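As they're listed, the protein sequences go chains A and B.
Under this note's numbering, residues 1 to 468 are what the first sequence spells out, in order.
Under this note's numbering, residues 1 to 464 are what the second sequence spells out, in order.
One thing to keep in mind: the hints can contain errors.
As the list claims (entries may be wrong) - Pair ranges (Cβ atoms, derived):
1. B/S230 - A/T337: 31 to 39 Å
2. B/D257 - A/P303: 27 to 35 Å
3. A/I331 - B/E80: 42 to 50 Å
4. A/S250 - B/I286: 53 to 61 Å
Hint data in this document are derived by calculation from the structure and do not stem from the laboratory.
Predicted model, so just to flag it, every value in this text is computed and none were measured.
Quick reminder that beta carbons are idealized off the backbone N, C-alpha and C, glycines included.
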Amino acid sequence: MRSMITEWIQDLRQGASAEEKVAKLLEELQKSNMEDHYLNAICKEQAIAAARAVDKKVKSKQQLGKLAGIPISVKDCLCVKGVESTAGSKMLKGYHPLFDATAVERCRNQDAIIIGKTSQDEFGFGGFSVNVGKDYQIPKNPVDSERSCGGSSGGAAGLTKKANIPALAESTGGSIVNPAAFCGVYGLCPTYGRVSRYGLIDYASSLDKIGPMATSIEDAALLMEIIAGHDNKDATSSTTLVDYYTTSISKGVKKLKLGIVKEAFPDNSEVESHVWKSIKKLEAAGSTYQEISLPKNAAYGIPAYYIIAMSEASTNLAKLCGMRYGMQEKIEGDYNTYFTKVRSNFGQEAKRRILLGTFARMAGYRDAYYLKALSVRKMLQEEYAKAFKDVDVIITPTMPIVAPKFSEISKLTPLQHYQMDVLTVGPNLAGLPHLSIPSGTLRKMPVGMMAIAPPWMEKRLIQLGGVL
Amino acid sequence: MNSTTLPATEVMIGLEVHVQLNTQSKLFCSCPTHPSKDIPNSATCPICLGHPGTKPVTNKQAIAAAIKLACALQGKLASELVFSRKTYFYPDLAKNFQITQYEIPLATGGKILLESGKAITLKRLHVEEDPAAIVREPACSLVDYNRSGIPLCEIVTEPCLSSPEEAREFLKKLLEIMEYLDIFHPEDTIKADTNVSIKKTNFRRVEIKNVTGFKEVERALVHEIKRQQSDAAGVVQETRGWNAEKGLTYAMRSKEDEEDYGYILEPDLPPYTLPLAWIAEIQATIPELGREKAARFVKQWKIDPTDASILASEKKLAELYERMAKEVNPILTARWMRRELLRALNSSEKTIEEINERNLLNLFTLLDKKAITDAIGQELMKKIIIEGIDPQQYVKQHQLGKVNDLSELTNLCKEAITENPKAVEDYKQGEPKAFQALVGSVMKKTKGKGDPKIINETLKGMLR
Chain A
1 MRSMITEWIQ DLRQGASAEE KVAKLLEELQ KSNMEDHYLN AICKEQAIAA
51 ARAVDKKVKS KQQLGKLAGI PISVKDCLCV KGVESTAGSK MLKGYHPLFD
101 ATAVERCRNQ DAIIIGKTSQ DEFGFGGFSV NVGKDYQIPK NPVDSERSCG
151 GSSGGAAGLT KKANIPALAE STGGSIVNPA AFCGVYGLCP TYGRVSRYGL
201 IDYASSLDKI GPMATSIEDA ALLMEIIAGH DNKDATSSTT LVDYYTTSIS
251 KGVKKLKLGI VKEAFPDNSE VESHVWKSIK KLEAAGSTYQ EISLPKNAAY
301 GIPAYYIIAM SEASTNLAKL CGMRYGMQEK IEGDYNTYFT KVRSNFGQEA
351 KRRILLGTFA RMAGYRDAYY LKALSVRKML QEEYAKAFKD VDVIITPTMP
401 IVAPKFSEIS KLTPLQHYQM DVLTVGPNLA GLPHLSIPSG TLRKMPVGMM
451 AIAPPWMEKR LIQLGGVL
Chain B
1 MNSTTLPATE VMIGLEVHVQ LNTQSKLFCS CPTHPSKDIP NSATCPICLG
51 HPGTKPVTNK QAIAAAIKLA CALQGKLASE LVFSRKTYFY PDLAKNFQIT
101 QYEIPLATGG KILLESGKAI TLKRLHVEED PAAIVREPAC SLVDYNRSGI
151 PLCEIVTEPC LSSPEEAREF LKKLLEIMEY LDIFHPEDTI KADTNVSIKK
201 TNFRRVEIKN VTGFKEVERA LVHEIKRQQS DAAGVVQETR GWNAEKGLTY
251 AMRSKEDEED YGYILEPDLP PYTLPLAWIA EIQATIPELG REKAARFVKQ
301 WKIDPTDASI LASEKKLAEL YERMAKEVNP ILTARWMRRE LLRALNSSEK
351 TIEEINERNL LNLFTLLDKK AITDAIGQEL MKKIIIEGID PQQYVKQHQL
401 GKVNDLSELT NLCKEAITEN PKAVEDYKQG EPKAFQALVG SVMKKTKGKG
451 DPKIINETLK GMLR
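Start from the sequences and build out the full structure, keeping to the hints where you can.
Right under this line is the structure:
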């Protein structure tokens, strides 16, 4: 697919009006959103004002940003100044942040147009976007409306695919690559610390990462280049220098050693064979591959991930109590009664994760669960580090299946639901950059291949994506 | 306030002290710690209000201050700065969790020496954020987030204090050290949680939460020890509160109801390796502390150890003393500063900074030259502090110089003997007080200016 950003900017250079283009797009989105529910909020006035400012810049021949006039969607968990930002939760209804998330601010500094907030599982708690908060609508897969977009960044992937709008998404345990694979777009989740989390409504702070989605690797690379880099407002953001992702694509890849994870290809499924086709293409372009095994990740990835994620989430969500922002209730009884009443507005999955997360860090249990999970996490990171001594990139399918039907999802138990993350939790726990690359379709439904690189090697993933 | 007649082995007290570190800005955001206007919720931002999306960033000044204290108390510093989350629901907590240190405190061990020479050993020292302040109104409670995120240092002692007096002295010494280190704002308060147990209950531990000020800590402990002694059988392991107005401790919660804080490592603040060079830099700024200074004063200026220890207990006072001692008789200066200067400061509520040092030095010079009497000296001290007079000029203007003219004093002594026949009689009967009355009478006639030595000798000669 050609770069949407390049085409759009060419149009503007040839005299098209950003304001007209954006206005037309917003009108279409307002209509289509009634059906597909990709957006929790559309920021019409802000977007049109921003587009007008770009037109002015063009007219007065001022220097344009790299995203001049480009519509960008932002996952609902990322704060946009003055725009209701709820992370898909009824608990944050009415929360209009006083500031932009750093990633959003950096896009705006390049003259991007923020068009709206994309739908998601409440606070990121899910892999199918069916755990949307109370009063929210479930987004539908752009290829087949009876199927899920994946999650938790479901709205972002759906909108990217359907309207060709690049997205700022977020991943804690797979929430970028999962919906990217299910909707057939590129989804790049960077190294933990590569992109500032300032302005991200936390799910699990030690795991949350912000990354782009796009229909072309070029657009994903450009967005990544803009949002990456140190930010003194986030103590976990890294000072490691940022590579030039965009210019590296055309250079192609040298011969890469691919590590094919044995445990991720268990049963010669159709999804697996589609991913193999992509691996063969990479081989044809000069890479070699070898089978590797990551048995510890396969066995302990999911429990370690869920214990850490839920423990952190249960503290991150404590602040939501109807005192300072968001959802409020009539004040009755003491603070405990009031907080309890307000907090009954969490969705079911959020409640489940708060309870489980609180349990895992309680005195008497924290040694066996929370602290144990932290040490397992280290062990899993070491397993990856060891594997990267032999290979340059690790390859798995992104998801073991294509996007499931809503009727199938409703039959899943919470545990079966969590097990869907088996391939994505590993790189997320280890904080490794990973990219989902569209790898053909299976009876129309997109399949994704996931490539995982060592820390700070986003460039290698982007080059690999450029080959396919 | 003599609390207990119990011997030292009968009481065990431990303190968890919270002191505010005097940084410009809060622990995790750039809001001011001492806003110029005292308006509730004026020194706040999305970070200290806990708005979703915000992240904490550690204020290095606060950590430097805590490191300075830890080093001065001879604690062992951790190699990494590690924060934890302590989660509980309360309206004063912006995030419903407090960022504190749990698993790995900034420092462990260390000690503070009491005057008696007893070492109070420390368990740990850590840094944490203060919650907001709750203002109780008749109809409601209001929250003031100006305090939310203020940097606190918590110092935990071993339970090795054996009386409320020791607890008070410990806290005073701690503040004295913090003042010397210039990491404590004198307007800020010191708060303590104390645990106290007595032998009679087999040292069943009772905690008293949140007592403000070192005098209140002593009062609360005195009360609690009395309570435990009078009803040893009724003492249960529990947490109690302190009602300062009524002077009572009251039950808050029993051990079973203790909250579970579900500590996790603070994921927004990755462990930070404390650079050795930074620690060395901080260490180099630690000045000579009160105890060392007092010892040096005794050695260098040959002054009385009690004078030295009182003068060294306050940094500014000690510095003022040393400036004076270099110019004029150090022993006389020490005695006059400890007694008359401190008395005049206390009664006038003036501060050391407000004193004109030149005037003070002139006074000590006059006294050293014996140009004025002690009585006049005392009067002049008050006037220097309150009115800012120059004693040299003032003595000239008001002719307050010592009267040592023998014939004049002899005449006045004669007058006094004639006017006070009863005193003369009493003195002859062997009543020494009567003699002092006669001296006083002569002194009065000289308006305090008469040389007491001459008056004494003259009177004695006349009455022989």
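The hints, checked one at a time:
1. The hinted range of 31 to 39 Å is satisfied by B/S230 and A/T337, whose Cβ atoms lie roughly 38 Å apart.
2. Separation of B/D257 from A/P303 is about 32 Å and conforms to the stated range, judged on CB atoms against 27 to 35 Å.
3. The hinted window of 42 to 50 Å between A/I331 and B/E80 holds, with their beta carbons roughly 43 Å apart.
4. Hint check: A/S250 to B/I286, Cβ distance near 59 Å, so the stated range 53 to 61 Å holds.
In this structure, every one of the numbered hints holds.
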